[in-house]
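Q: The whole structure should be built from the sequences, with the hints applied where relevant.
As you go down the protein sequences, you meet chains C and L in turn. Each residue of the first sequence is one higher than the one before, starting from 0 at the first, in numbering that gives the first Met the number 0. Each residue of the second sequence is one higher than the one before, starting from 0 at the first, in numbering that gives the first Met the number 0.
Bear in mind the hints are in silico, worked out from the structure with no lab data behind them. No residue lacks a Cβ here, since even glycine has one placed at the ideal position from N, Cα and C. None of the hints are false.
Simulated coverage check for chain C against chain L, where a stretch passes if three residues somewhere in it have a Cβ under 8 Å from a Cβ of chain L: (1) 31-38; (2) 70-82; (3) 102-108; (4) 121-129; (5) 132-142.
Pulled a few chain C residues facing chain L out of the computed Cβ check, cut under 7 Å: (6) Glu28; (7) Val67; (8) Gly89; (9) Thr90; (10) Ala91; (11) His93; (12) Val94; (13) Phe99; (14) Met149; (15) Val150; (16) Thr151.
The following label-pair restraints were derived from C-beta to C-beta distances: (17) C:Ser60 / L:Thr277: 35 to 41 Å; (18) L:Glu368 / C:Thr116: 58 to 64 Å; (19) L:Gly294 / C:Asn141: 35 to 41 Å; (20) C:Gln55 / L:Asp612: 55 to 61 Å; (21) C:Phe76 / L:Lys182: 44 to 50 Å; (22) L:Glu161 / C:Phe76: 47 to 53 Å; (23) L:Ala9 / C:Thr111: 53 to 59 Å; (24) C:Glu61 / L:Leu543: 50 to 56 Å; (25) C:Asn141 / L:Thr581: 25 to 31 Å; (26) L:Glu368 / C:Phe76: 49 to 55 Å; (27) C:Arg120 / L:Gly283: 45 to 51 Å.
What follows is the residue order along each chain.
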Amino acid sequence: MNPPDTPTAGAGTDPPDYQELFRQFKGQEGELISILVRVQETFGYISEESVRQISQFLRLSENQIFGVASFFSKFRFDEPGRKSIKVCMGTACHVHGGGFLSDTLGWQLGITVGQSTKDKRFDFQRVNCLGCCALAPVVQINEKIHARTMVTQLKEILQNRE
Amino acid sequence: MNNFPAIQAAARQQWARLEASPVPVIYVGAATCGLAAGAGDVLHAIRQTLTERQVEARVVPVGCIGPCYLEPLMDVRLPNHPRITYANVDPARARRILERLLLHGDPSPDLAFAHFGANGDPLTAGLPRFFDTPMLRHQVRLVLRNCGFIDPEDIEHYLANEGYAGLNQALGMTPEDVIGLVKEAGLRGRGGAGFPTWRKWQICRGAAGTPKYVICNCSEGDPGAFMNRALIEGDPHAVLEGLLIAGFAIGASHGYIYINSDYHLAIARLRTAIAQMTAHGLLGEGVLGTDFSFGITLKEGGGAFVCGEETALIASCEGRRGMPRSRPPFPAIAGLNGRPTIINNVETLGTLPHLLRNGAAWYRQFGVEGNYGTKTFSLVGKVRRPGLIEVPLGIRLRQIVFDIGGGSWKRFKAVQTGGPSGGCLSEEFLDLPVAYEAMAEAGSIMGSGGMIVVDEDTCAVDLALYFLRFTQAESCGKCSPCRVGTWHMVRLLEDLAAGRAQPEDLAKLQNLAETVKRASLCGLGQTAPNPVLTTLRHFRTEYLQHAKERHCAAAACKELVEYRIDPARCNGCQRCIEVCPTHAIAGARSEAHRIDLALCIKCKACYEVCRYDQLAGNAVIFESRRSQQ
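A: Spelled out as structure tokens, the structure:
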């Protein structure tokens, strides 16, 4: 028996309190990326509502904010799945066969990189480097890093985390 | 009034108390790499053991000491004995070691890796000194001096180890003298290009316009590089002190640290460090009682590779898309908010305190003519001893790969320096000195410090394709040579990797690569073709094999590889049938199995299980067969 899912940030937070979040900022344009980072940390993704709120706070157009947010691969615009699966695509992981892991995971979950499963249980992302290259290839599930992962271990890892 | 001597004396007292601690001190390497390897669980087990056994001891989480392959590392120092380090500990092993050592005084030499003291202590008899072990012996630790030794969250530890003495020294000099000292030392930017730090500073100092800014570049978007992250996690104050020194030299009153927002631990450590600095009067109005005032702001980045480029970084700091602009004007003249701005790499800043404290002559004893000092590298890939290393410039690549890294697992093939902007250097370049000019001549770059070793299992075409896919995805799209050029290069490489290319395509690829290199606006595009150009030069046969024979000698290009089962070795255990996700394998128990190639997705699962499962017979083979088009 596994403990129930700890909801990722945002899922079911009611009602989103942007004023609280904005309080630590001065309202300058230069803070936009920091604000986007905070919003994504709090709500899990950048929603249209978030963009509207930031737009009002910083007095920038929504287009401009969306333009900046979409430039950085870090920001996402759809609700993430509950379990975040991140496959490291750093060079060390690549030469150790990280590509096999991401291909197989996509096959097992029936989705491609950047998507989440229909039931919102899994969220499948690739990241550029998790900074633990000596453990390559690595897969991160929520906060837990699985070192020297083999293709045949993936099923088990996914089941353990359900 | 300068109160630095008093601050330092107080810190030294506190440090002396830790050094002469009457209770055992336990150090655990708890940087990102250590935590990923399980240091968090080890820390928990240590604390639990101490409580259960009612032993009093101090637990100090420290930064990364370098040899990542040994992590998690636990060091224990008994009073009046040298510190002993234990490698690859897990919670159970940590418990066993502590119980034996703390309760019975048995250092478990079978589990110990090395010690840090002088030889001759009875407790550590038979153990090597940590810095005499093969990986550490050839290194020179300047910038990483404190990593793994001090508590990164305690400013007193840093102060006691000569911390902020460099800043104190600088504040007693004129800014021009500080620039002169850096010039004399010959310090060059550690971000990769190797531009002399002093020249940039001097231009900025002489530029009109106030306020001036100094930015610490910790964008580090390079996949497979973690030097800057490790330095900040292990010794944040060294970088902050460097930032203050740079700010003082150019006449800036405010500094920014541009850091990847995914570096949670590093950001937290910086925040702690900045608060401690403020409390000690090292930040704010009148630093250390002088008339120099300085403030620091953290700027989180969205993690785009192009933001390592100076003008793109500035755009991102200003809250815009991280796109570079054409230069001049250089940021030293018109940078952040149009003001003169200096952008220095984390490692450059981390070097400054040592340089200021010890002088230019001391610094010049490391390295070779024109390339003074040391450089940190993250040595990873197919190397036996991966980790974070620091070496004097001018060292040979062979020494790094074989003496420090212990060589590759299989036959050495190449080493990729400088990440996606660098080149792939084959065996014949192993005696190349690691110096800015020599690396550039060989077609690579020094880079910020990613060093990836590959062996015969890595295909040159596949590696070039990997890097090009990365730079293509990270291209900001502003200039067409980079946006369109990298896209077409990826297509050509994909054709090669899939066996669809013709030999003529190599010339097309070469031509395109050279065009992108010449015509792109910023460093990303100008260096993006390097992996292709160097592999084309040093591994041309592999490219030709892909194009002419549809053959990938390393069996890494999926499309050119076929899986089959060797009937002579297959014992019919059916393990592969269980793991195959597409049910492509069939066969009765105890009879040789077969793979249906129409269903096979080449996921390698059957190979792994057949090779590593105890019942299986290691019968799955994947290979690329030669074929004439």
